[in-house]
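According to the numbering used here, the sequence shown holds residues 24 to 195 in order.
No lab work stands behind these hints: they were computed from the structure.
The calculated SDA-like cross-link candidates involving lysine to any residue, where the alpha carbons are at most 25 Å apart (straight line), are: (1) 101 / 142; (2) 145 / 82; (3) 101 / 148; (4) 123 / 42; (5) 101 / 188; (6) 155 / 84; (7) 145 / 77; (8) 80 / 147; (9) 101 / 147; (10) 145 / 195.
Note that the coordinates shown come from a computational prediction; the quantities given were computed from them, not determined experimentally.
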Amino acid sequence: SLIANVEANVAPTTSVTLTATAATSVTLNVADGKNSAGSQQTAFYGDITAPAATSVKINSTGILGAATGDRVNLSAAKATSLTIVNGASGGFLTMPDPSKLTSLSVTSGAAFDLGLTTAASKVQNLTLVANKGAITVSTTDDFAAVNSVTVSGSGTGSGVTLGTLGATANGY
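With the hints as extra help, turn the sequences into a complete structure.
Structural data, given as structure tokens:
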């Protein structure tokens with residue numbers, strides 16, 4: 024397994040590539056680090072490549088990706104579980120191949136955009152907690168296999184945007 028920590032007040036000026044070729048689990052922790060004016064200074068932008076990982080966890084109290092250009096791109100085609108806990112800064116993550124995901128959980132204290140760019144049709148357990156700001160999950164195939172959905176939130180502007188959940192052909 025690989026655990027990568029972005030310490031407080033580390034903000035890359037260019038995109039970072041994190042590669043874990045043999046790791047079966049990957050955890051990325053992005054710390055909180057604000058300047059004297061209260062602006063977040065800690066960030067992770069770039070690519071996470073983990074072709075053998077079946078479990079990916081991202082815990083961020085700093086900045087996780089950017090709305091334009093420097094999104095976090097997660098390449099973990101064997102991942103069956105993706106858990107994201109995002110703090111008070113907005114988050115932007117794209118996963119090109121979520122086809123093996125069966126469990127997806129996103130908790131965020133700010134607006135969070137998760138782009139699943141191909142079919143997420145095996146996700147059965149979906150948990151979305153919007154504590155402030157909206158969580159938007161976009162996928163080309165929606166969540167046809169989902170059988171357990173938990174959506175909650177609090178705070179001003181909280182919300183969740185999803186496409187279709189489940190399918191009439193499911194046996195449950």
